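J.: The lines below spell out each chain.
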Amino acid sequence: MNSFDHFTPATLNEALSILSERNGNAAVIAGGTDLLLRMKNHILKPAAVLNVKRIPELRALSFDSNEGLRLGALTTLRDLTRSPLIRDLYPVLASAAGLMASEQIRSLATLGGNLCNASPSADLAPPLIALDAVACLVSLSGERQIPLAEFFTGPGRSVLQKGELLKEIIVPPPQGKTAYLKHSPRAFMDIAIVGAAVRIQQQGGKCQQARIVLGAVAPTPLRVRSVEESLEGQTFTDESIRQAAKISAEACSPISDVRSAAWYRKRMVEVLVRRGLQAVAL
Amino acid sequence: MKTLITLTVNGDAHELYVDARRTLLDVLRNELGLMGAHRGCDSGDCGACTVIADGQPVTSCMMLAADWNGAEILTVEGVAQDGQLHPIQRALVEKGGIQCGFCTPGFVMNIKALLDENPHPTEAEARAWLAGNLCRCTGYAKIVEAVMSVAEGTS
Ligand SMILES: Cc1cc2nc3c(=O)[nH]c(=O)nc-3n(C[C@H](O)[C@H](O)[C@H](O)COP(=O)(O)OP(=O)(O)OC[C@H]3O[C@@H](n4cnc5c(N)ncnc54)[C@H](O)[C@@H]3O)c2cc1C
Chain A
0 MNSFDHFTPA TLNEALSILS ERNGNAAVIA GGTDLLLRMK NHILKPAAVL NVKRIPELRA
60 LSFDSNEGLR LGALTTLRDL TRSPLIRDLY PVLASAAGLM ASEQIRSLAT LGGNLCNASP
120 SADLAPPLIA LDAVACLVSL SGERQIPLAE FFTGPGRSVL QKGELLKEII VPPPQGKTAY
180 LKHSPRAFMD IAIVGAAVRI QQQGGKCQQA RIVLGAVAPT PLRVRSVEES LEGQTFTDES
240 IRQAAKISAE ACSPISDVRS AAWYRKRMVE VLVRRGLQAV AL
Chain B
0 MKTLITLTVN GDAHELYVDA RRTLLDVLRN ELGLMGAHRG CDSGDCGACT VIADGQPVTS
60 CMMLAADWNG AEILTVEGVA QDGQLHPIQR ALVEKGGIQC GFCTPGFVMN IKALLDENPH
120 PTEAEARAWL AGNLCRCTGY AKIVEAVMSV AEGTS
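Protein chains in written order, with numbering that gives the first Met the number 0: chain A, 0 to 281; chain B, 0 to 154.
Computed footprint of chain B on chain A, listed as stretches where at least three residues anywhere in the stretch have a Cβ under 8 angstroms from a Cβ of chain B: (1) 3 to 14; (2) 31 to 37; (3) 42 to 54; (4) 97 to 111.
These are calculated hints, taken from the structure and not from any lab test.
Nothing here was measured: the structure is a model prediction, and the numbers come from that model.
Just so you know, even glycine gets a beta-carbon here, dropped at the ideal spot from N, CA and C.
Go ahead and model the full structure; you've got the sequences and the hints to work with.
T.: Set out below in structure tokens:
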């Protein structure tokens, strides 16, 4: 690693002032499980590292039946798997976090880091987007909110501006049933080659709202809006689920890489979307 | 840049000036002379550097020491009591869950974290919990046997 200045601000304002003074040359560190790898490999050589772990404003974990769930950026994957609130009301977040990395990494890794790192395979992105989560960003000029579905702009890139921090994620009160399925060659300790989150809300035997969100098969997490729309108002059958899964696979444009060939990713999208819909819709 | 930090390691408080680039693993090994946590992959995959920080198992190679000012750390050097091996260590020896020994300190610490939280795991729970520790000698069967024998011993 190259040498760098190290700061541990105790307040949000202090952190934002340092970030703005350093004008893009400071790397925010939360759990460090993504950042330190890139610093060790000399991919990133920040002049300053800003440890945000002592900032109380980034630690929210609360639920309100109108506003929904507030999840501070510093919520760890371990917190997600253990929190009774999350296990009760948003079990998909607990199970998605439990599919990630290892016990040791889950103690360190944060929700904010997973999202801000903006890897196409980030496991928390598809379920959170399926839940219609909103990202709350903060800078010296104030706060802004943006749907998480619009947060990602490319591999490793997001709408976060210089001087801006992800403060928290807001998840609306739970509606319908949600599932996240992850496919990776190894059962544990592996990055997704395909991730698929589905959320279905039904009333009177008809689909009211559908969300289908894919991970690791496009430059950013991908909402398959055409399929969502085609399902809404319809009654689920084996055949309609098969069809939705097939069209979802056609809608994505995965790459071939060391983990998987593109054609295999597409096939697995079909399988995961089908299984996900069968689990939540039938 | 150097920063002043306090770490409590195995019950002893240490004040240290550390280079901001140093990981917790570097500090344990090079500043405090505690060689139990091992550097395997240096990227969070193998678990040989596992210690317990503030009650949670962590890969110490993936932590900047400066970020963990004030933390309480338990390393493998701190688990034996009064010259007696910890029951987890004894079980690993007795069941043959140890060959070259490189991964063993990491396993001891992660097994301790498991049994502290869940004293009677199922075999599947134990295997899932230990997914973050690699062993290239034993094939894991005897390590898992050791975990289950400790869990039984405390029933
Ligand atoms: C062995 C191993 C296994 C892994 N397995 C998985 C897996 O299965 N699935 C998966 O999705 N990921 C996996 N990861 C990747 C990583 O652990 C996760 O993405 C993790 O959630 C990152 O969180 P962090 O707090 O460690 O991020 P950090 O490394 O601290 O930060 C990551 C990025 O986000 C920025 N950042 C962090 N917090 C904020 C904030 N509040 N505001 C603005 N920017 C911020 C940082 O500047 C940095 O660019 C794995 C990593 C390792 C080492």
